[in-house]
Amino acid sequence: KQEVTQIPAALSVPEGENLVLNCSFTDSAIYNLQWFRQDPGKGLTSLLLIQSSQREQTSGRLNASLDKSSGRSTLYIAASQPGDSATYLCAVRTDSGYALNFGKGTSLLVTP
Amino acid sequence: ETGVTQTPRHLVMGMTNKKSLKCEQHLGHNAMYWYKQSAKKPLELMFVYSLEERVENNSVPSRFSPECPNSSHLFLHLHTLQPEDSALYLCASSPAGGGSSYNEQFFGPGTRLTVL
Numbered sequence: 237k238q239e240v241t242q243i244p245a246a247l248s249v250p251e252g253e254n255l256v257l258n259c260s261f262t263d264s265a266i267y268n269l270q271w272f273r274q275d276p277g278k279g280l281t282s283l284l285l286i287q288s289s290q291r292e293q294t295s296g297r298l299n300a301s302l303d304k305s306s307g308r309s310t311l312y313i314a315a316s317q318p319g320d321s322a323t324y325l326c327a328v329r330t331d332s333g334y335a336l337n338f339g340k341g342t343s344l345l346v347t348p
Numbered sequence: 034e035t036g037v038t039q040t041p042r043h044l045v046m047g048m049t050n051k052k053s054l055k056c057e058q059h060l061g062h063n064a065m066y067w068y069k070q071s072a073k074k075p076l077e078l079m080f081v082y083s084l085e086e087r088v089e090n091n092s093v094p095s096r097f098s099p100e101c102p103n104s105s106h107l108f109l110h111l112h113t114l115q116p117e118d119s120a121l122y123l124c125a126s127s128p129a130g131g132g133s134s135y136n137e138q139f140f141g142p143g144t145r146l147t148v149l
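Residue numbers (the numbering used here), protein chains in the order written: chain A, 237 to 348; chain B, 34 to 149.
Derived by calculation from the structure, the hints in this document are not laboratory data. Check each hint, because a few of them may be wrong.
[Stated by the list, open to error] Here are the computed lysine-lysine pairs in the DSS-like style, where the Cα-Cα straight-line distance is at most 27 Å:
| no. | chain 1 | residue 1 | chain 2 | residue 2 |
| --- | --- | --- | --- | --- |
| 1 | A | 237 | B | 74 |
| 2 | B | 73 | B | 52 |
| 3 | A | 304 | A | 340 |
| 4 | B | 52 | B | 69 |
| 5 | A | 304 | B | 55 |
| 6 | A | 278 | B | 52 |
| 7 | A | 237 | B | 55 |
| 8 | A | 278 | B | 51 |
| 9 | B | 51 | B | 74 |
| 10 | A | 340 | B | 51 |
| 11 | B | 51 | A | 304 |
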């Protein structure tokens with residue numbers, strides 16, 4: 237069974253800092269990996285999707301990398317802003333089935 | 034309406050009530066999903082429908098009953114729930130079901146369910 241772990245569980249940084257969120261997974265046979273953002277009490281917003289054949293994806297200040305062989309992905313946020321405060325979730329889709337296997341998330345607080 | 038919508042956004046029900054959650058996607062997708070998000074736990078997949086057929090059922094208690102009348106609508110019928118079923122229920126859709134790696138899932142805002 238695919239296990240997804242996100243470190244750290246919570247992070248507080250001052251505005252302007254660059255930061256890295258980590259995601260690891262136990263089964264490297266994946267179709268793709270997706271990073272989401274969730275604001276309190278709200279649904280999930282898809283940020284980036286990396287296919288298993290890709291090494292990274294970029295969208296604005298966000299860059300996600302994927303190292304399938306080591307079972308790791310990182311989400312890099314450049315020049316963080318208070319509006320980036322949210323929970324960031326990593327989810328992996330494996331070869332077997334339709335499900336996305338989620339980590340518990342990293343709760344990010346960016347202070348002015 | 035755009036994207037994935039869910040109604041109601043909040044629901045409080047007693048253990049003997051029967052209620053239904055509704056999800057509608059306006060993206061032309063062929064697969065729809067129900068997820069449960071409990072406090073301090075990762076999101077858990079409950080049901081998957083692909084082309085209106087249920088393709089995955091992850092050992093969900095029978096007090097949860099899904100229905101997918103067409104590719105745009107998904108329901109979750111609830112009856113005789115327990116307090117531990119209180120959670121955020123999220124609906125998602127994707128362009129295709131399994132077998133495709135280009136399968137980004139798009140989520141609705143969720144229904145916050147409280148069972149008294």
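Check whether the Cα positions of residue 278 of chain A and residue 52 of chain B lie no farther apart than 27 Å.
Judged against 27 Å, a Cα distance of about 21 Å means the pair holds.
Take the C-alpha atoms of residue 304 of chain A and residue 340 of chain A, compute the straight-line distance between them, and say whether it is at most 27 Å.
20 Å, holds
Against the 27 Å threshold, does the CA-CA distance of residue 52 of chain B and residue 69 of chain B hold or violate the hint?
16 Å, holds
Please verify whether residue 278 of chain A and residue 51 of chain B have alpha carbons no more than 27 Å apart.
Distance ~24 Å between residue 278 of chain A and residue 51 of chain B Cα, so the pair holds.
Would you mind confirming whether the straight-line C-alpha gap from residue 51 of chain B to residue 74 of chain B stays at or under 27 Å?
Given pair residue 51 of chain B, residue 74 of chain B holds - Cα atoms ~26 Å apart, limit 27 Å.
Assess, step by step, whether the Cα of residue 51 of chain B is no farther than 27 Å from the Cα of residue 304 of chain A, and give holds or violated.
45 Å, violated
Residue 304 of chain A paired with residue 55 of chain B [C-alpha distance capped at 27 Å]:
Measuring from Cα to Cα gives roughly 37 Å; hence the hint is violated.
Given the hinted pair residue 340 of chain A and residue 51 of chain B, is their Cα-Cα distance within 27 Å?
30 Å, violated
Take the C-alpha atoms of residue 73 of chain B and residue 52 of chain B, compute the straight-line distance between them, and say whether it is at most 27 Å.
Cα-Cα ~25 Å, so holds.
27 Å limit on alpha-carbon distance, applied to hinted pair residue 237 of chain A and residue 55 of chain B:
With Cα atoms ~30 Å apart, residue 237 of chain A and residue 55 of chain B exceed 27 Å; violated.
Straight-line Cα separation of residue 237 of chain A and residue 74 of chain B no greater than 27 Å?
Roughly 16 Å separates the two Cα atoms, so the pair holds.
In the structure shown, a violation is registered for the earlier hints numbered 5, 7, 10 and 11, in ascending order.
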